[in-house]
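Here the protein sequences come in this chain order: A and B.
Under our numbering, the first residue of the first sequence carries the number 1, and numbering increases by one thereafter.
Under our numbering, the first residue of the second sequence carries the number 1, and numbering increases by one thereafter.
Don't read these hints as lab results, they were simulated from the structure.
Wrong hints could be hidden among the right ones.
Repeated chains share a single entry, so a pair holds when one copy, or any two copies, can fit it.
Straight-line Cα separation of at most 20 Å, EDC-like style, residue types lysine to aspartate or glutamate; simulated pairs [unchecked claim]:
| hint | residue 1 | residue 2 |
| --- | --- | --- |
| 1 | Lys-247 | Glu-33 |
| 2 | Lys-180 | Glu-316 |
| 3 | Lys-180 | Asp-274 |
| 4 | Lys-410 | Glu-398 |
| 5 | Lys-180 | Glu-344 |
| 6 | Lys-410 | Asp-251 |
| 7 | Lys-180 | Glu-312 |
| 8 | Lys-247 | Glu-316 |
| 9 | Lys-180 | Glu-116 |
| 10 | Lys-180 | Glu-398 |
| 11 | Lys-247 | Asp-438 |
| 12 | Lys-434 | Glu-316 |
| 13 | Lys-180 | Asp-343 |
2 protein chains.
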Amino acid sequence: MPDAATLPESQQILALNAFDARQAGGLPPATAELVQRRQQTFGPTSVLFYQEPMHVVSAEGVWMTTADGRRYLDVYNNVPSVGHCHPRVVEAIARQAATLNTHTRYLYDIIHTYAERLLATYPAGLDKVTFTCTGSESNDLALRIAAAATGRRGIVVTDNAYHGNTLAVTEVSPSSMPGKPLPPHVRVVRAPDVYHAPTDDLGQRFAAELQEAIDSLEESGFGFAAFLADTIFSSDGIYADPVGFLKPAIDAVHRAGGLFIADEVQPGFGRTGDAMWGFLRHGVLPDIVTMGKPMGNGFPMGGVVSRSELLEAFTESVGYFNTFGGNPVAAAAGLAVLDVIRDEQLAENAAAVGRHLRAGLRGLAGNGHPEIGDVRGAGLYVGVEFVRDPLTRQPAPELATRVINGLHRKQILIGAAGRHGNVLKIRPPLVFSKDNADQLVGALGEVLEEVAAPSR
Amino acid sequence: MPDAATLPESQQILALNAFDARQAGGLPPATAELVQRRQQTFGPTSVLFYQEPMHVVSAEGVWMTTADGRRYLDVYNNVPSVGHCHPRVVEAIARQAATLNTHTRYLYDIIHTYAERLLATYPAGLDKVTFTCTGSESNDLALRIAAAATGRRGIVVTDNAYHGNTLAVTEVSPSSMPGKPLPPHVRVVRAPDVYHAPTDDLGQRFAAELQEAIDSLEESGFGFAAFLADTIFSSDGIYADPVGFLKPAIDAVHRAGGLFIADEVQPGFGRTGDAMWGFLRHGVLPDIVTMGKPMGNGFPMGGVVSRSELLEAFTESVGYFNTFGGNPVAAAAGLAVLDVIRDEQLAENAAAVGRHLRAGLRGLAGNGHPEIGDVRGAGLYVGVEFVRDPLTRQPAPELATRVINGLHRKQILIGAAGRHGNVLKIRPPLVFSKDNADQLVGALGEVLEEVAAPSR
């Protein structure tokens with residue numbers, strides 16, 4: 001198995017619990033056959049989860065079922081955000097696909113209704129939406145809007161950020177190119193980590209470091225176009241608190257004449273519990289917001305929310321059209337997602353269950369598990385950081401790997417995040433209940449009893 | 001209305017029949033209200049077709065229905081390639097969306113079955129597929145694969161090519177930046193146009209011009225990575241013949257150690273009639289093939305087909321994962337599309353109806369319509385070039401605009417292509433029948449009687 005630290009982020013974290021074909025002996029015959037068929041068609045870009053890859057057959061709510069009839073608690077998947085195969089979303093897709101599915105060069109009621117409903121969740125000023133198909137396309141478009149609006153190209157991101165997979169977006173995703181030099185128009189700031197680097201005033205520190213990056217870009221000739229950040233800092237290791245710490249940084253961005261692009265692919269659509277959008281928790285106003293993964297509960301869709309004048313500068317320079325973006329089926333799926341979030345009070349559920357979960361995890365930490373160095377997050381985006389020693393706080397990625405595999409044996413699906421891959425990443429479908437949270441905490445305690453000893 | 005020639009391609013052609021809000025008086029109240037709602041949410045990037053925009057409500061086969069109950073013959077839309085709302089595709093999407101819809105880090109039968117079925121339509125050697133969500137994502141990924149495999153960045157495209165909307169792909173889409181300098185790593189060759197620039201040996205001429213572009217890239221320091229071409233040259237103006245003219249050019253690409261990327265977003269999936277893929281008509285073997293629009297009959301999906309060794313170079317450098325790409329619902333939609341193309345013999349239909357249609361159009365041209373300068377294409381990708389004079393062959397975009405609007409009044413939807421926007425672009429759903437073709441030819445004759453006189 002390759003050394004995780006030398007792999008791109010998309011595979012770095014994966015390597016911690018990725019299938020290794022060289023150790024494929026002993027797989028059940030049906031699984032081995034599927035693995036072989038997959039390797040013949042997908043080739044080397046394709047990475048599977050787990051040393052014994054999961055052969056899934058169906059999913060519902062927070063549960064995924066495999067071919068052998070086992071049911072797994074899904075604590076990993078944030079795309080099926082309102083629950084796997086939610087019947088209201090499925091019905092909306094099926095009905096609309098049977099009626100009309102075309103691009104947006106014609107008028108069609110549901111696409112306009114969806115645009116209005118979506119924009120109504122945003123603060124005043126963010127009043128225009130451009131639909132895309134993925135979060136990557138959304139961030140790619142946001143970079144172009146920012147360049148056209150500012151006349152500058154320089155971008156600042158956090159130092160283990162991930163923003164997507166197009167060429168332009170990969171250039172602003174340091175986690176996708178570990179050990180490689182950043183492109184000349186990109187600068188990084190340290191993630192807002194108060195666990196490894198304590199401070200009494202994270203807001204001022206983060207703003208000061210961002211200002212240094214801005215100054216560097218201005219000196220470079222590229223100029224400063226935008227600060228692009230995932231407001232829950234998921235790839236960096238999940239940093240949510242203190243609420244409002246982003247405010248001084250965004251003030252610095254605007255003082256420098258730059259734009260703040262809030263990447264809401266991870267925190268958006270109610271996941272952080274406190275609000276529909278991660279930036280709202282911080283009391284800041286982005287200039288551009290990008291959306292993806294949970295927007296259609298699995299239907300491929302994304303979007304960029306912005307202001308008219310920013311779009312005008314871009315449209316004059318080049319224009320944009322996305323064939324599938326905002327098509328009627330996407331609109332139907334997206335509208336059903338908004339309805340379910342509202343009717344099932346999923347943001348409120350995320351807040352309540354998230355609090356309950358973090359309390360349970362902290363209880364576990366305090367009850368003989370010093371390897372849990374930190375429990376943090378907002379709503380149902382929770383990080384559990386494993387360390388070798390609570391005093392040195394040295395990261396323990398090997399323990400995270402053992403926990404991921406141990407939880408898999410207990411039929412719980414989970415992943416890791418952070419520069420070192422030592423932070424358990426808890427981001428289940430938002431229909432996750434307190435019972436589900438208790439099951440996770442109980443199983444984690446059992447797994448730690450089994451696997452944590454060697455690292456103490 | 002802006003001067004079409006100064007607009008980006010995505011809007012250049014559109015401007016010929018785009019809605020102009022400044023002339024919105026007189027719209028039916030319900031349409032006017034929808035237009036207003038749309039402008040409030042979509043803003044300036046959004047362009048509508050037609051001075052009286054169409055308020056659509058449903059579609060089936062080759063027919064689209066508007067809110068006033070009118071039925072339009074769709075000669076424009078190539079995304080619903082097997083017919084609008086084809087019941088087999090709708091049923092496949094509905095069933096799979098209700099069962100499981102997740103990313104491809106798990107094993108799941110239908111995604112592997114689809115990958116196998118799709119690759120079986122390709123010649124030997126093109127044996128690996130990477131799924132994306134759009135043609136733009138496919139071309140963006142193809143550029144990255146080519147750069148990693150060759151260690152070079154230079155790209156050659158045709159001079160009015162369109163390959164998509166990401167930042168990197170826009171840089172290789174000259175039609176998206178008319179009048180602007182090309183990026184330094186991009187060279188263009190003239191479109192293979194034997195109507196305006198006759199030659200006895202298009203293959204040799206095209207290859208020689210491509211070689212000049214390759215030489216220029218090699219001298220520039222960027223080196224030559226790939227020739228990227230839509231094998232029906234749709235944005236350039238639709239150039240299909242003589243069959244095989246691409247062969248000497250692709251030989252030159254390979255002699256120079258570069259790759260040929262065939263963009264099959266437009267010609268692929270049987271549209272050209274003679275074959276499943278446009279490159280097969282020419283007897284050439286691409287190194288990378290990109291797919292998009294018709295792949296899922298409207299379900300957002302795309303893909304890149306390539307060889308293992310090319311993917312390996314890319315994977316070692318950065319890796320790739322696309323969250324929605326190749327998900328089970330996309331696979332179900334894609335599989336249904338392949339089934340329908342086979343069971344309804346749609347490639348054969350495209351060949352037969354395309355021949356019938358071109359014969360009808362040529363009959364019209366020879367029967368007192370010298371403004372039809374050329375009729376060309378393959379299968380159901382047909383171009384009708386309007387000229388002011390059959391001898392000078394001066395383009396007549398204003399006539400194309402009048403024809404598009406005249407056909408709209410006769411309830412036929414059609415668009416234009418080419419550098420001058422004077423080429424009617426005929427690319428209906430592949431279930432288009434000879435009767436549909438006769439209706440189009442008859443209506444075109446009537447419209448030309450009404451509108452062509454002023455330009456004679």
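Would you pick out the hints that fail for this structure and give their numbers low to high? 1, 3, 5, 6, 8, 9, 10, 11, 12 and 13
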